[in-house]
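Trainee: Fit chain X to the supplied structure of chain F, relying on the hints for placement.
There are 2 protein chains.
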Amino acid sequence: MAEKGDAPAARVVLQQCLQARLQVKPAGDQSEAQFVQIDRGMVIYICFFKGATDDMMPKMVSALLNLRLCESDSGKLVSVLELPGSLLIVPQATLGGKAKGRAMQYHNNISKEDGLRLYGAFVSLCEEELRAGPSAQSGAEVTVKHGTYGNRQVLKLDTNGPYTHLMEF
Amino acid sequence: MAEKGDAPAARVVLQQCLQARLQVKPAGDQSEAQFVQIDRGMVIYICFFKGATDDMMPKMVSALLNLRLCESDSGKLVSVLELPGSLLIVPQATLGGKAKGRAMQYHNNISKEDGLRLYGAFVSLCEEELRAGPSAQSGAEVTVKHGTYGNRQVLKLDTNGPYTHLMEF
Numbered sequence: 001m002a003e004k005g006d007a008p009a010a011r012v013v014l015q016q017c018l019q020a021r022l023q024v025k026p027a028g029d030q031s032e033a034q035f036v037q038i039d040r041g042m043v044i045y046i047c048f049f050k051g052a053t054d055d056m057m058p059k060m061v062s063a064l065l066n067l068r069l070c071e072s073d074s075g076k077l078v079s080v081l082e083l084p085g086s087l088l089i090v091p092q093a094t095l096g097g098k099a100k101g102r103a104m105q106y107h108n109n110i111s112k113e114d115g116l117r118l119y120g121a122f123v124s125l126c127e128e129e130l131r132a133g134p135s136a137q138s139g140a141e142v143t144v145k146h147g148t149y150g151n152r153q154v155l156k157l158d159t160n161g162p163y164t165h166l167m168e169f
Numbered sequence: 001m002a003e004k005g006d007a008p009a010a011r012v013v014l015q016q017c018l019q020a021r022l023q024v025k026p027a028g029d030q031s032e033a034q035f036v037q038i039d040r041g042m043v044i045y046i047c048f049f050k051g052a053t054d055d056m057m058p059k060m061v062s063a064l065l066n067l068r069l070c071e072s073d074s075g076k077l078v079s080v081l082e083l084p085g086s087l088l089i090v091p092q093a094t095l096g097g098k099a100k101g102r103a104m105q106y107h108n109n110i111s112k113e114d115g116l117r118l119y120g121a122f123v124s125l126c127e128e129e130l131r132a133g134p135s136a137q138s139g140a141e142v143t144v145k146h147g148t149y150g151n152r153q154v155l156k157l158d159t160n161g162p163y164t165h166l167m168e169f
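Protein chains in written order, with UniProt numbering: chain F, 1 to 169; chain X, 1 to 169.
The following block holds chain F by itself, in its conformation from the complex (with noise of 0.2 Å):
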């Protein structure tokens, strides 16, 4: 986490769900709208700002997927890897906005393409975690999905309690 007064260099925000399905392509004159679907996990909305480096990216995941987040069955708090819980990868730009007046300006927001870049790494990463995680290895049916970068995000969430969690690196 971001000690108080250093500028972070990414910022997450997270949620539990049952079920989160998201928008990954709008509909088009020929084509119907595409979606991603996970049922129980967590979503994760993440945005970079200028500063963010790919040397960040391992920690950061194993700092996302290990924290105990998730009410399990039996009540305990456990991480999303143990749970077993998927995961929807959000890109969220607007989570880098600072009100100046009535308006949100983005200034410390990361170029497109590197965070198209760091994007690219986060959710790679995640996946390898996933992958190799506990609920994984002992055969649950987890994955990782997530929002094409750029687009707009449309979502539908159902939740027995986000339990929203903000997360700065």
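Please note that the accuracy of each hint is not assured.
What the hints assert, rightly or not - So these bits of chain X aren't anywhere near chain F, every CB distance computed over 12 Å:
(1) K25
(2) D29
(3) E32
(4) D39
(5) R40
(6) G51
(7) K112
(8) S124
(9) R131
(10) E141
(11) K145
To be verified - With a Cα cut of at most 30 Å, we get these calculated BS3-like pairs of lysine-lysine:
(12) X:K145 x F:K98
(13) X:K98 x X:K112
(14) X:K25 x F:K100
(15) F:K98 x X:K50
(16) X:K98 x F:K100
(17) F:K156 x X:K156
(18) X:K98 x X:K50
(19) F:K156 x X:K98
(20) X:K145 x X:K76
(21) X:K76 x F:K50
(22) F:K98 x F:K25
(23) F:K98 x X:K100
(24) F:K100 x X:K50
(25) F:K100 x X:K76
(26) F:K50 x X:K100
(27) F:K76 x F:K25
(28) X:K50 x X:K100
(29) F:K145 x F:K112
(30) X:K98 x F:K76
(31) X:K98 x F:K50
Honestly, the hints are just simulated from the structure, not real lab data.
Keep in mind the model is a prediction, meaning the values are calculated, not measured.
Positions of the beta carbon are idealized from the N, C-alpha and C atoms, including for glycine.
Mentor: Below, chain X without anything else, positioned relative to chain F:
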């Protein structure tokens, strides 16, 4: 917005919605669960820290409700008061969490009694502002709904883009 380095007294996550539905009373032995619902508008997840005061509430509510975060039908960014939009307020103590190792700690969260009082004041002020705002005054059907402090927040969210924002005060 709290300045960098100041510990915030309140943390708020905002999401835009087409529809949102929240349980306000769980099912009992003899009774069904009760829900509240809004259509287009904004979901406000709110958490108070130690040091939050009644004096902060008017400025906070005014800032949140007047921020231009909502996409109007014409694509212009307007406030939820102008949209016209409704509000769903969700108490969310987990937002105060700070990671220590793999566990989340909530040591800076306000006491339950103070939190309950501030939450009530926050909801009342939101109702007042919405009622006095341009949409309600011109006859739009906008409303404030809110969750029960201390309950599990069973939620369904449907959004065309949550445009998740973080605000600290």
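Trainee: None of the hints should be skipped; say for each whether it holds.
Mentor: Hints, verified against the model:
1. K25: holds, 14 Å
2. D29: For X:D29, whose nearest Cβ neighbour in chain F is about 20 Å away, the distance exceeds 12 Å, so it holds.
3. E32: holds, 16 Å
4. D39: holds, 15 Å
5. R40: holds, 14 Å
6. G51: holds, 14 Å
7. K112: holds, 17 Å
8. S124: Holds, because the least Cβ-Cβ distance between X:S124 and chain F comes to about 23 Å, which exceeds 12 Å.
9. R131: Consistent with the label, X:R131 stays out of reach of chain F, its closest Cβ about 20 Å off (over 12 Å).
10. E141: Non-interface label on X:E141 holds, nearest chain F Cβ at 23 Å vs cutoff 12 Å.
11. K145: holds, 16 Å
12. X:K145 x F:K98: holds, 26 Å
13. X:K98 x X:K112: holds, 18 Å
14. X:K25 x F:K100: Status violated; Cα separation ~38 Å.
15. F:K98 x X:K50: Holds, because 23 Å separates the two Cα atoms, which is no more than 30 Å.
16. X:K98 x F:K100: Satisfied, since the Cα-Cα distance of roughly 27 Å is no more than 30 Å.
17. F:K156 x X:K156: holds, 7 Å
18. X:K98 x X:K50: Given that 30 Å is the threshold and the Cα spacing comes to 14 Å, the pair holds.
19. F:K156 x X:K98: holds, 27 Å
20. X:K145 x X:K76: holds, 25 Å
21. X:K76 x F:K50: Holds. X:K76 to F:K50 sits at ~27 Å (cutoff 30 Å).
22. F:K98 x F:K25: holds, 29 Å
23. F:K98 x X:K100: Holds: F:K98 and X:K100 sit about 27 Å apart, inside 30 Å.
24. F:K100 x X:K50: Status holds; Cα separation ~26 Å.
25. F:K100 x X:K76: Between F:K100 and X:K76 the Cα gap is close to 17 Å, so the pair holds against 30 Å.
26. F:K50 x X:K100: holds, 26 Å
27. F:K76 x F:K25: violated, 37 Å
28. X:K50 x X:K100: Holds, at roughly 19 Å.
29. F:K145 x F:K112: holds, 21 Å
30. X:K98 x F:K76: Holds. X:K98 to F:K76 sits at ~19 Å (cutoff 30 Å).
31. X:K98 x F:K50: holds, 23 Å
Going through the hint list in order, the structure does not satisfy hints 14, 27.
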